[in-house]
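Participant: Below, each chain spelled out in residue letters.
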Amino acid sequence: MHLSGAQLIVRLLEQQGIRLVSGIPGGPALPLYDALAQSMQIRHVLARHEQGAGFIAQGMARVSGHAAVCLASSGPGATNLVTAIADAKLDSIPLVCITAQVPSAMIGTDAFQEVDTYGISIPITKHNWLVRDVRDLLTIIPEAFRIAESGRPGPVWIDIPKDVLTASIDVAVLPLPGLRRAAPELNLDLLGRAAELINAAKTPVLYLGGGVIAANAGAAVTALAEQAGLPATMTLMALGAMPVDHPLSLGMLGMHGARYTNYALEEADLLVVLGARFDDRAIGNADKFCPKAAIIHIDIDMAELGKIRRPDVAIQGDVAAAVEALRSLVQANPRTQWCERVAELKRQHPLALPHVEDPCSHYGLVHAVAAELDDEAVIVTDVGQHQMWVAQAYPFRRSRQWLTSGGLGTMGFGLPASIGASLAQPERTVVCFSGDGSLKMNIQEMDTAVEEGVNVKVIVMDNQSLGLVHQQQDMFYGKRIFAADYKRHTNFQKIAEGFGMQVFDLDASPDPRATLRSALKAKGPCLVHCSIDVQQKVFPMVPPGAANTEMIGG
Amino acid sequence: MGIPHEEQVFEKVVLELSVHNHPGVMSHVCGLFARRAFNVEGILCMPVDAGHESRIWLLVRNDTRLAQMISQVEKLEDVIGVAQRGADRRVFEQLEAFFQ
Ligand SMILES: Cc1ncc(C[n+]2csc(CCOP(=O)(O)OP(=O)(O)O)c2C)c(N)n1
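Protein chains in written order, with the numbering used here: chain A, 4 to 557; chain B, 221 to 320.
Keep in mind the hints are simulated off the structure, nothing from the lab. All values reported here derive from a predicted model rather than from experimental measurement. Note that beta-carbon positions come from the ideal geometry of N, C-alpha and C, so glycine has one too. It is possible that part of the hints are untrue.
Unchecked claim - Using C-beta positions, here's what the derived DEER-type ranges look like:
| id | chain 1 | residue 1 | chain 2 | residue 2 | range |
| --- | --- | --- | --- | --- | --- |
| 1 | B | 303 | A | 182 | 41 to 47 Å |
| 2 | B | 270 | A | 67 | 40 to 46 Å |
| 3 | B | 303 | A | 135 | 27 to 33 Å |
| 4 | A | 135 | B | 261 | 28 to 34 Å |
| 5 | B | 263 | A | 199 | 43 to 49 Å |
| 6 | B | 315 | A | 114 | 50 to 56 Å |
| 7 | A | 334 | B | 268 | 49 to 55 Å |
| 8 | B | 264 | A | 82 | 32 to 38 Å |
| 9 | B | 306 | A | 478 | 48 to 54 Å |
| 10 | B | 306 | A | 49 | 56 to 62 Å |
| 11 | A | 49 | B | 315 | 33 to 39 Å |
| 12 | A | 249 | B | 270 | 58 to 64 Å |
What the hints assert, rightly or not - Some chain A residues flagged as far from chain B (calculated, every beta-carbon gap over 10 Å):
| id | residue |
| --- | --- |
| 13 | 79 |
| 14 | 133 |
| 15 | 306 |
| 16 | 334 |
| 17 | 353 |
| 18 | 481 |
Modelling step: build the complete structure from the supplied sequences, incorporating the hints.
Facilitator: So, in structure tokens, the structure goes:
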């Protein structure tokens, strides 16, 4: 075959199984776009900002677990992608990001729209390339997918000069697609020691992180918990790994975890850490977290073992495989006494959900939405108070039901990630809980949502404020609210209408539940607007630097 | 960067990295140490194996985070292997004369 570099890329993406890519073209990327236009397999979704393209790809990757592709041109196209790629790095989401670069001969001359994309992308990717020869594409493209999906997943970035896109190459046979590398062999001795610790423990707790979702280990972990009577807590990233209404679920731990969760962890004599990384928002003050507990830490990423807390048993490996192996070594044990103690803590210190019966209140709206949906829906959030209210109150029961920006905490994640989720799994209803601040950060993607007709329901919890900042200033900065309230009210309904979106306003509705129901049943994208009292807080709250047991409120 | 909590004197060690030889590898390695606030006191880099690979020697302090740092270095795709050496520091000492 006689191909251009651009055509070769398209062929390699096709055989990699890619059916959808998102991006925005520009000068140096035009050869690639021209080749893409000829593809019968790949559909291109035009975003309205490259950050949107990056998050659309993230949405696809988060619901499917497979690497998704985003594209941009050189210079500002590439820099606009940075936030979405950094977000993928911190949440270990597999992405292949492809950008065009000025022609090789012009690199280093401060050419028009030249930036050092390679240099910029080093600290925010798992790996990156500047392609110097068209022949290198034959190895780099499959390698990119292999790296993105192997081990701890993450984003990779390929920067391709325009002359490499236009160069021609003769290819006899295409290289094989890049596939996930097998996980490292499990150490059976260490698994045996872990099983002994579990068997001997009186008050053990499972601490589940995003790695459980990445490894599709939710069912295995739940089975282990049931077999050995192990209550399980989940990080923000792991919600859905075990159904929250499972008797052994302790819900979310950490800064905005329920009191009973953080109290139960305090009593743990053994912590079994699965695909989690002792993030400060999850564990609070590291020295005071689970002070009495021995630690078993299982993770695919060797560098996480011992990074924050030194484990008694550290096992590198695939979490699903490790948990399956543990199941054959761990004794069946209902651990009645400990489970009763946990149930007692739940009764004594439940999660307080004030005003939950009012569908136009913060927790009430979350419950009202949940009441209209089944577990097949996908729930996405932006970042702020609304994100935490949803994390606390929504009944998550399925892995990959919940998409949120955890590690980077990026406002503007919600709408484009929802579009990506819906494009990848069009049969699902996708609900995006957003705040008025976050929605403004990628509001242009309403246009993309309407053009694509995606089944995305944006629910804006409008407190006319950067609510989470407002809360911090109210609580920790002497109520000096500064640069956190919007002085003018934004008419989101008109904006959405301007983009051609259907609009539902709960404020104006005589029957908000009925209005919500029609919105969730409506075909295509819509906006649901609901005013929220700016004084409402996310409680309980662990103040920065405090132990998880030193919660305020709730 | 990498200031130890107390005025403690740490033994120095040399990390020997085998890496793929292409432009950008040094950025990956040095950026990683800077990003994780781990001080590198000396660097030597030479191509080996007819230029297919490079060997990088890093003079670093053997503080409590060294093991973590090595794990992070091992994750770099262009790093083929990492070895920790103690005694081979003479080359850095001899180099000092050139930097007077
Ligand atoms: C891109 C970005 N900029 C700034 C922040 C800091 N920040 C965290 S939450 C928040 C306020 C979010 O406001 P809104 O989206 O209205 O949600 P609310 O807290 O009111 O529910 C801000 C500014 C952030 N997380 N992301």
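Participant: Are the hints correct? Go through all of them and say.
Facilitator: Hint check:
1. B:303 with A:182: 41 to 47 Å: violated, 30 Å
2. B:270 with A:67: 40 to 46 Å: Between residue 270 of chain B and residue 67 of chain A, where Cβ atoms are some 43 Å apart, the hint holds.
3. B:303 with A:135: 27 to 33 Å: Taking Cβ atoms as reference, residue 303 of chain B and residue 135 of chain A lie about 29 Å apart, which means the hint holds.
4. A:135 with B:261: 28 to 34 Å: holds, 32 Å
5. B:263 with A:199: 43 to 49 Å: Check passed, 45 Å falls within 43 to 49 Å.
6. B:315 with A:114: 50 to 56 Å: Cβ of residue 315 of chain B to Cβ of residue 114 of chain A: about 38 Å, so the range 50 to 56 Å is violated.
7. A:334 with B:268: 49 to 55 Å: holds, 53 Å
8. B:264 with A:82: 32 to 38 Å: holds, 34 Å
9. B:306 with A:478: 48 to 54 Å: holds, 51 Å
10. B:306 with A:49: 56 to 62 Å: Since the Cβ atoms of residue 306 of chain B and residue 49 of chain A sit about 57 Å apart, the hinted range of 56 to 62 Å holds.
11. A:49 with B:315: 33 to 39 Å: violated, 55 Å
12. A:249 with B:270: 58 to 64 Å: Holds - the Cβ-Cβ distance for residue 249 of chain A and residue 270 of chain B, about 59 Å, lies within 58 to 64 Å.
13. 79: It holds; residue 79 of chain A is separated from chain B by about 22 Å at its closest Cβ, greater than 10 Å.
14. 133: Not fine: 7 Å to the nearest Cβ puts residue 133 of chain A too close to chain B.
15. 306: Non-interface label fails for residue 306 of chain A: nearest chain B Cβ at 4 Å, not farther than 10 Å.
16. 334: holds, 33 Å
17. 353: holds, 39 Å
18. 481: holds, 32 Å
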